[in-house]
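Working from the sequences, and respecting the hints, build out all of it.
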Amino acid sequence: MRRVILKCDHSASTTVMLTAAVRDLHASCPGQFQTDVRTRHNELWRNNPHLRRLDPRDPDVEQIDCNPPLTQRNDDPPFHFIHGFLRHLGNLLDVEIKPTVFRGDLHLSRREKSWISQLQEITRDEIPFWVLSAGGTFEKTIKWWDRERFQTVINAFRDRILFVQVGAEGDHHPELSGVVDLRGKTDLRQLIRLIHHAQGVLCPLNLLMHLSSAVDTKHSSPNRACVVIAGGGQSTQWQRYPTHQFLHTIGALTCCDTAGCGRHRTHSLDDNSPSDSADKICVDVVDDLPHCMHMIGAADVIRSIQRYFDGGVLNYLSADEIEVARKTLTDGVGLSESIYKGERGLSEQPGFMQQDRL
Amino acid sequence: MRKLILKNHQSPGDILMLTATVRDLHASYPGEFLTDVRTSVDQLWQHNPLITPLREDDPEVTALRCNYPLIHRSNESPYHFVQSFTEYLNDKLSLKITPQKYAGDIYLHQQEKRWISQVQERTGKEIPYWVIAAGGKYDFTAKWWASDRYQQVVDYFYGKIQFVQVGELHHYHPPLRGVIDLRGLTDVRQLIRLVYHAQGVVCGVTFLMHLAATVETKGSAGQTRPCVVIAGGREPPQWEAYPHHQFLHTVGALPCCEKGGCWKARTLPLGDGSEKDLPRNLCLNVVQGMPRCMHMISAEDVIRRIQMYFVGGRRAWLTQQEFCAAQPTIRQPIAHSVAL
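Chains A and B are the protein sequences, given in the same order.
Using our numbering, read the first sequence as starting at 1 and increasing by one per residue.
Using our numbering, read the second sequence as starting at 359 and increasing by one per residue.
Wrong hints could be hidden among the right ones.
Simulated pairs of lysine-lysine, BS3-like, Cα-Cα distance not exceeding 27 Å [claimed, not checked]:
no.: 1; chain 1: A; residue 1: Lys-185; chain 2: A; residue 2: Lys-280
no.: 2; chain 1: B; residue 1: Lys-576; chain 2: B; residue 2: Lys-471
no.: 3; chain 1: B; residue 1: Lys-634; chain 2: B; residue 2: Lys-365
no.: 4; chain 1: B; residue 1: Lys-450; chain 2: A; residue 2: Lys-280
no.: 5; chain 1: A; residue 1: Lys-113; chain 2: A; residue 2: Lys-185
no.: 6; chain 1: A; residue 1: Lys-113; chain 2: A; residue 2: Lys-218
no.: 7; chain 1: A; residue 1: Lys-98; chain 2: B; residue 2: Lys-459
no.: 8; chain 1: B; residue 1: Lys-483; chain 2: B; residue 2: Lys-617
no.: 9; chain 1: B; residue 1: Lys-495; chain 2: A; residue 2: Lys-218
no.: 10; chain 1: A; residue 1: Lys-113; chain 2: B; residue 2: Lys-459
no.: 11; chain 1: B; residue 1: Lys-450; chain 2: A; residue 2: Lys-98
no.: 12; chain 1: A; residue 1: Lys-98; chain 2: B; residue 2: Lys-617
no.: 13; chain 1: A; residue 1: Lys-218; chain 2: A; residue 2: Lys-327
no.: 14; chain 1: B; residue 1: Lys-518; chain 2: A; residue 2: Lys-98
no.: 15; chain 1: B; residue 1: Lys-459; chain 2: B; residue 2: Lys-634
no.: 16; chain 1: A; residue 1: Lys-98; chain 2: B; residue 2: Lys-454
no.: 17; chain 1: B; residue 1: Lys-518; chain 2: B; residue 2: Lys-483
FYI, nobody ran anything at the bench for these hints, they're computed from the structure.
Structure below.
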């Protein structure tokens, strides 16, 4: 029995991929390993049955630095991040690890599952909702999409979908109206539980996308709806999950013709960050957005969200739920007055698909 | 030096994936193998430098009938079709072949590249065009999209994109108006050359989709070719989609493909005695003669995705001269609505 401590100091998204690699390591090599981890995000490992507490001072314990190569460029192999990571770990451990399922491996205790959601703490009634991330870190401003377009999406689904906006304090998450505002109010474990209760997720390429796949759905449906506004920053095969609607522009622009550009920022922020070096700055900016993100219209996102409802796996808010949503919003949790003072949702405007999309 | 003969007699799309495996085998084990093939589509192997004629009665030769059981894990696992035969070889021969790229492996001879396209033979002028396959085989009618929607797409881009319709005569490829009609006029090699010259491709999940990703782009090796794939919910995206394609899918959006592709064969029974007519192979959710997953994809969706390639500035619309050059070659057959 080999005893290994896996070390990774990368982002939470990368750590979610490591959870998958640990799961698949044990599936491929049953009984051959005892594993422990040292990562920056312990909340992602809570209740994980594959971990054993190992002492790094024990001479029998191997300590493996498993930070993966993160940037995928023109010679990308045909792998998802999950697959790439477990190949990487397999090489480090000199074993073959076969991928099992297409998701990270997060575990909620039965007790956690029994708790009501943070939203229900506010609404008191249980209603379906989507989690929305409308920004991101200042290190990767290239992933940001336009606040106004997010607002257009929210308006289009007024009285149909209740959005809950999340985002870490200190990151860029512009205020939106017509949403329940939980920005800065979720630690990582709370975010995981919020997603557990969520019907769907709308986000750019970030942790939320990985969580939407990795976290069990509350009612045991096999997958959670997720629309990802991806643009051309990263290669599709490296990021895309099968049941997500993944809006990308790879192949459509010179700067991301064959793969994601791997750049970090739309404009320089003059903060001496490694993300501010010239080779990390977007080379094609339109109206302060990367061209690739600018090409994705609000109607593209609306259409992608609609698919899940048109297909019948999800239902829009019922009349009772609409009342709860309205009451929640009018009670002052992130409501813009304009929403309920006569402004029509985009979907109610005649011919919006044709005009906005084409 | 190990000698291998790889055998497979499935469809052209399958054989194209086998070309990738041969490429990746040699890349992973340089100088260690001699390879030959016995497949149903010899034209996919023309000019392939990795093929060495081998005899099956050579005692040093290992002949291997290639399958891809990986498909049975395609809904759950993060594998692409391009890895399918590779994994099989890894298992059968205890190898560790590493997939190299997201494409098959097709070689065009320099002379072939110099030839003008079948389109230019008709127009007398080199014009950019998109290849469109608006149908498919009768054994997988669940892949078909409505002919009138294809027509809407073609009509929308009138004067901007010249479409060239392809398809085998014994398959279902209803005629479209306003296209250059090459249905029944391309063998596999000709289709490869047609794709080589093509600016873009519109199709379902077909051989043409794989060619769009595999065949190099004329005049700009390394540049990708636009391709919009009308996929629906039959196949899992990670198994079929190429990174730079716009792959319109509904997996996860319908109960019948909530966990992945349904892998059903036919929309409705055709009464031809085929096993594809068995209930287990029939679509569970049919709307107006189409699988619901395909019905959910509108002409506007496809138009929007095609536009992306032009809005991005990578490609240009037809010029007036190019449009005029194409006009005499366009057939105007009466388009029929899809009748399933």
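- Query: Which of the listed hints are broken here?
  - Reply: 1, 4, 8, 9, 10, 14, 15
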